Structures are given as structure tokens and as C-alpha cells.
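Here are the chains, one letter per residue:
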Amino acid sequence: MSNRAELTRRDLLKSGAALATVTLAPGVTLMTFGGSDAEASAADAGKRWGLLIDAGKCDENCSDCVTACKTENKWGAQNEHATAENSSQWIRKVTLKDKNTGRKVSAPVMCQHCESPPCVDVCPTGASMKRADGIVLVDKHICIGCRYCMMACPFKARSFVHENVTDQSVNAPRGKGVVESCTLCVHRIDRGRIPACVEACEATGNSAILFGDLADPESPISKALEQYPSIALRADLELNPGVRYQNL
Amino acid sequence: MRLILAILIALGLTGPVHADEHELWPEVPKATGEPHPEGNEYWRKNHPTLLLHDRDLALREGDRDIQASIGTCFTCHAVKDEATGEPVSFEDPRNFCRVCHDFVAVQVDCFSCHRSTPADPKSLAIRQMAGPDEPDSIAAYLERLKALEAAGEAAPTEASQ
Amino acid sequence: MERTIYRELKATPAVWLVALLLLAFIGAAGLAVLMIEEEGHIITGMNNQIVWGLPHVFAIFLIVAASGVLNVASISSVFGKKAYKPMARFSALLSITVLLGGLAILVLDLGRPDRLIVAMTRYNFTSIFAWNMLLYNGFFAIVGGYLVVQMMPGASKTLQKAAGVIAFTWRLILTTGTGSIFGWLVARPGYDAAIMAPMFIAMSFAFGLALFILVTLIIFRLDGRIFGDKLMRRMGSLLGVFAAAVLYFTIAQHLTNLYAQEHQGFERFILRDGGIYTTLFWVGHVLIGTLIPMALVFLRPSRGSTIWASILVILGGFAQLYVIVIGGQAYPLEIFPGYEVLEGFNEGVINSYNPTIYELALGLGGVALALLAAGIGAKVLRVLPTNLSDANYPTDG
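Residue numbers (the working numbering), protein chains in the order written: chain Z, 1 to 248; chain D, 1 to 161; chain U, 1 to 397.
To be clear, the hints were calculated from the coordinates, so they are not data collected in a lab.
Possibly wrong hints are sitting among the right ones.
With a cut-off of at most 35 angstroms between alpha-carbon atoms, the simulated DSBU-like pairs for lysine-lysine come out as follows [stated by the list, open to error]: (1) U:Lys10 with U:Lys230; (2) D:Lys122 with Z:Lys93; (3) D:Lys122 with Z:Lys74; (4) D:Lys80 with Z:Lys104; (5) Z:Lys74 with D:Lys30; (6) Z:Lys70 with D:Lys146; (7) Z:Lys57 with D:Lys146; (8) Z:Lys130 with Z:Lys223; (9) D:Lys146 with Z:Lys104; (10) Z:Lys93 with Z:Lys223; (11) D:Lys146 with Z:Lys130; (12) D:Lys45 with Z:Lys93; (13) U:Lys230 with U:Lys157; (14) D:Lys122 with Z:Lys47.
Small disclaimer: the values here were computed from a predicted structure and weren't measured.
Given the sequences, and given the hints that come with them, work out the whole structure.
Listed below in C-alpha cells is the structure:
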């Protein structure tokens, strides 16, 4: 070290590098361990989960599917100053009247789990994702809460969590500042169970929501789609959703 | 020379994190249930990597057969409030994770979304693989649909489109 | 034209007062952000129907204007106009700080701004938003380099021109990207349009020049420097041309939309039935933002006309962006064409937006940050020219 009183650029660089090394050293030693081995994935690319909703069987006054979803995923609990506009809505019932004929019909609307989801295209971090089995999800670990996917969704399926959340369901982690939507009860599907809305609708006796594997030509849902006419919402966008509607 | 000394001291200061029980350490709340087979040391060091790795497996690939599921930690690692007997959440500094994480001043992001107290039995029951005899299993559901079709009731209402 | 001498801004009491005022606005924005982080976005007027609100209007204005502010430097280095050369350094600096201000608003409005590092390291390349992030970072680097090249004593004319061309090209790509954030949204009738990108380019020219004129004028006033009338008039007529370009693209967009039956609903909403949005469109955007400024600078060119035109272009720009960003979300999604929705969740209804003080504070804080950073840059670096007076106005470009 020199005896000069002034600080030269060299001194500054040396001490800067030293400071950086000293600060980083403890961190580097902490991060040197591996994780568990990858095991066979449960999201099977050979499957495509979907719903077929028969609006003809859907009761206008029934919203058991919505209630079941709320109970299952615990998004329904209202805070005092929340309004309808800033509360989450994973699934909703709509009642429609044909402008020309006056015919009334009702059906539930949720994330359509598109094959070409616009929300997945626009997500800057890749948090909005489509699983191998067709279920569209939000990876809330990397969602930054920019809400661009909400701008992009043609079905208004996504909700932004505007408030602190407590007492979440262990099967549906959700929190403030990230975007969420219908997960097709992926936590149930992965354990070989049917989604909550399907279960609830079956329990009413209407069985308006049919669940199954669209990729399996022998499944009840595929056979029903083959036999009877059905539509996709916003078919003009050619998103090929996994949720289709009959008698709408 | 002084530089080398400084680096050595810094590396040495990482010691307490690796060493076993130290006087300055917080009192880690005792867990219930079976201990992890790999031992506390392994889990203390590796839980961040395990959790981060396994969360991607679970979420992106649907692999639920994993080691580190944050949903089940609190089955054993719940800390109960003496007065009420209720498990304390992450808001409370007595929470299992808070005790160490407050000590080492490492922020955890998990509990803005994940629950930090034990889950109710019904939700936990869903997390088990469904047997074909359980009514909410896909297998049983498909059986019911087959039965309906056989009985000629599966056809949807007449299409008016 | 004499050789330009650049001198730093002097720290007079007036300058300190302005800095203090800007700091106060930044502080208010900081408080607003803290509260939003604590309580959640529920305290703002944004909700699940109007997803992007007033902060985004401010942010997009600043981002679009930033690329236009750089234009002043580009006119000298790319198009060789000598009169603009003295302003090139400050133009580069101001464009960086204005972009900084806009991005600050965007980042602080995120649901999880603590995850910015995630946004910086994980890119989904099908997302124009992700590309925009790369373009913004590139802008800082490239324009930073451009400023360095301009200020380097040994930089050759070729190097300066090369830096200028790269910066100009980059900013065109960046603004195309910003416009495409809206233009590439297939879901909403107000957005899905290729014209969004070139329209945003035209907007950037207009807003950027207006902002540059006003900021330079104010900073010159504070420092007792002369901004000559000849230069003002020239920049004023250029502003008029840019405002005309904006008007052209607006007309093209709406005429095209009106022709298509499927867009009629949205057009009727914006042009006639939208209440605040209709007013902002016709009075704010068309009248105040384009027609009156054009009339001022073309029919009565003067120093005063340029100043007023700049102010009006900026006001009109905010109105235009409010209509684009918020009007586009207020109009409902057409999920069930041919059906009237009797019951649902805000289906088929015009969504209302009531901005709160938090959003306004955040937006104004971003503007203040941009201006304060520009002031600090002008104080520390030699970027402000000393002679923009009429005596120094070049006769040959």
C-alpha cells in the first residue's frame, strides 16, 4: 500500500473488489446444494382435459357450481370494502336472452383453457402457462401482477387479487398482487378426482357440466362432442378452447 | 495481505450457519410426528432448494409425488398459541418459519399465498390419490356416465341451434 | 453558427425550489406506493374490469414521449439539421430520464414490484411486453452510449452519426413495441389493430417534441439563457406537422373501424355515446391536441404559438391515451354476440372507472422523477447549450 494521502483509482478498485468478495463469500458458500430427483410427471401430454356445458340442462336459478368453486378454492370470502368489481370471480353464471328470438338461456363461464391461449402469449415472465394436459394456469411464484393477461383474455376469466388474503385453502394458494383464474381444479385432477363444479352440478341432478379427456376419442365427452352440435365462445378467435357449450 | 485476511474472516463467519447448536441460535419450536429421515441438518440446509425445485415440478408438470410440499409442512411444524390452543400463522413471530427466518433476516415470500397453519382434514383428504371406489374420483364418475348412457339418459336436451 | 459551448445548470435558489417541489411530488408518489403495497390495489380505482388505469396513462405517455424527445437529437445526427445540434445532448439526457420516469410508474404499479428481478431475468419471447422490457433496457444503454459519444472530445463525425442512427432505429422499434402492446390484443375491439404501432410512432414525435420544447424553455428560464424566437418558430412548425400526423392516424383508425360492422359498437361508444370518453376524444384529443396547435403554429407562427401548441399537444396527448387505455377497457367484451346479458358478472356493461388520489400521485410522481433526474443531469453534466439565440441561428440548416 502506498503512503500517499490521496485515494487513487487503483486503490478504489482494489478495495471495491475486496468489499464485493467479502460480501458475496458467505452467500456463495450457502448455495451449493442440490435438490431431489425428478420423478414421472402427472401432467400427461396424451390427455387434454375439458368441459362440455349443456346450457339446456343448466338451471337459471342455480349457481351451485359457483358456490362449490368458492368453497373449494376459497375465493369467495368478501372483505368489508371489497366491491363486486375488485373481487375475484373464477367462475360466473350468465343468463342470456337472444336479441332476435327472446329465448333465454343460462350457463356458467370460467377460464376456457384454450389451446392457443392469448394470456399465455402475452405474459412477460411466462407465469401464465399451459400444462401438457391442456390446463391453463398462473404460476403465482413468478407472476409479477402486471395484469396484461387480463387485458388479453377474451372471456374475462382472470382476476387480480386486490387485497391481503388469509386462511387460504391448502389446495389453492392465492395472495395479493398476483393474477388467478379457474384451475380446472388441477389439484383434484392430479389426484384422479373430478373438478368441484362438475361434482356440484352432478349433485343437483342437472349434470349440465360434463368433464373428460378431449384427447380420448372413446371418452364420454368426445363422443358427445362428436354426436351433438356444440360451440366455442368467441369461435372467431380460433383459440380452440377446452370448454365447449351446447344449446347456448 | 489484508485482503486475503478479510476474505478468510468472511468465509469463517459463515461458520455459525453450518455449525450445530450455537448459543446465539433461536429456540426452534419442536415438531410433532415422525422426523424427516434425512435429519434436521439436511433439511435446514436444503429446504430452500427442495421447495423451489419441487414447486416447479408440482405446478408445471403436475408431479405431486414430491418431497417438499409446503402444504403439508405444518401438519408437524405447527406452533400452538398457549392461550387459545390455535396454531399461529406466519404473521406471528412464533410461527415455525418465522423463528429462524427472523434470526437470519432472510425474507420468505411463500406465505403471502400459501397458508401457514395446518389445513383442515377435508382439504387434506383431497390430496390423496383417489381410489376408484371414491365417488369423486374420475374413474367412478366415468362409470356413472356409462351407466347413464346405457340407460339412455345421457343424451343432451334437443339442440335448438 | 458558432461552436456550441455547453455549461452546467447553475444551482440558484429558484432551481433549488423547483427541485424541492419535484421531490415533494416524488415523496407523495412514494407514500401512495407504500399504501398500495400495504393495503393492496383495492384502495385504487382500478379493478378487474378496468385493469390498467391512470398510472398507465401517465406511464405510457412518458414512455412514448421519451422516444420522441430523442428525436431532437436524431434530427441533427441522422438528418443533418445544424440548428438542432446544440440541443442534441440534452435531448438524449431528457429521453433517458423521461423513460425512467415512465418505467418507474409501471414498475411501482405492479402487483408484485418486489419481483422485478424475475421480470428482468425470465422472458417469454412470445410476449410483446417482454420484448418491450428488453427494448427499454437497450434504450438506456444505447442512448447512454450516444450521449457519451456526443460528449467525447475525440469522437469522429462518423461515430456520432452511427450512434445517432442506431439510437434512432432503436427508438422506432421501441415505440412500435409500445404501440403493439395494445395493437396485438385480439380480445378487445378497441385495440386489435395494426395501426396502433405507427400511430404510437406519430404520437411519440408529437409528444416528445412538445415535452422537449417546454422542459428546455423552463430550464433555460431558470438559468437565464436565451431560447431564440427563430428556433422556437421552427420547432413549432415541426410540432404542427407531427400533430397533423397524429390526427391522420386517428382518422385512419376510426374510419377503418367504422366501416366494419363488428366494430360499430365500439366506435359509437368512443365517438358518440361514451360520455367522458367521447368528450376527451373530440375536445381533448382532436380539438385541443391536434387542431388548435396546428392552427396556432401554421396560421400565427410565433414564440407564443409554439409554447401554447406544446402545452396543448401534451394535454391532448393525455386525453388521447386516456381514451385509448381506459376507453378501450370501459367498452365491454363481446363474449356472446347476438345476446343480451340479463345476469352475469359485469357482462356487456360499460365499465366505470373512478381514479383515486393514489393513482394520480403515482402518475405525477413519475413525471416529477423524470424532470428531477433531467435537472440533476443538467446540473452535473455539460449538456445544456449556452447559445440558442437568434444571432446563432444557422442560415444553412
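So, going through the hints one by one against the coordinates:
1. U:Lys10 with U:Lys230: Roughly 25 angstroms between the alpha carbons, so the hint for Lys10 of chain U and Lys230 of chain U holds.
2. D:Lys122 with Z:Lys93: Distance of about 26 angstroms is within 35 angstroms: holds.
3. D:Lys122 with Z:Lys74: Distance of about 13 angstroms is within 35 angstroms: holds.
4. D:Lys80 with Z:Lys104: violated, 54 angstroms
5. Z:Lys74 with D:Lys30: Given pair Lys74 of chain Z, Lys30 of chain D holds - Cα atoms ~30 angstroms apart, limit 35 angstroms.
6. Z:Lys70 with D:Lys146: At roughly 29 angstroms apart (the allowed maximum being 35 angstroms), Lys146 of chain D and Lys70 of chain Z satisfy the hint.
7. Z:Lys57 with D:Lys146: At roughly 18 angstroms apart (the allowed maximum being 35 angstroms), Lys146 of chain D and Lys57 of chain Z satisfy the hint.
8. Z:Lys130 with Z:Lys223: Answer holds: Lys130 of chain Z to Lys223 of chain Z is near 25 angstroms, not above 35 angstroms.
9. D:Lys146 with Z:Lys104: Holds, at roughly 31 angstroms.
10. Z:Lys93 with Z:Lys223: Within the cut-off at roughly 26 angstroms; holds.
11. D:Lys146 with Z:Lys130: Within the cut-off at roughly 30 angstroms; holds.
12. D:Lys45 with Z:Lys93: Roughly 48 angstroms separates the two Cα atoms, so the pair is violated.
13. U:Lys230 with U:Lys157: holds, 26 angstroms
14. D:Lys122 with Z:Lys47: holds, 28 angstroms
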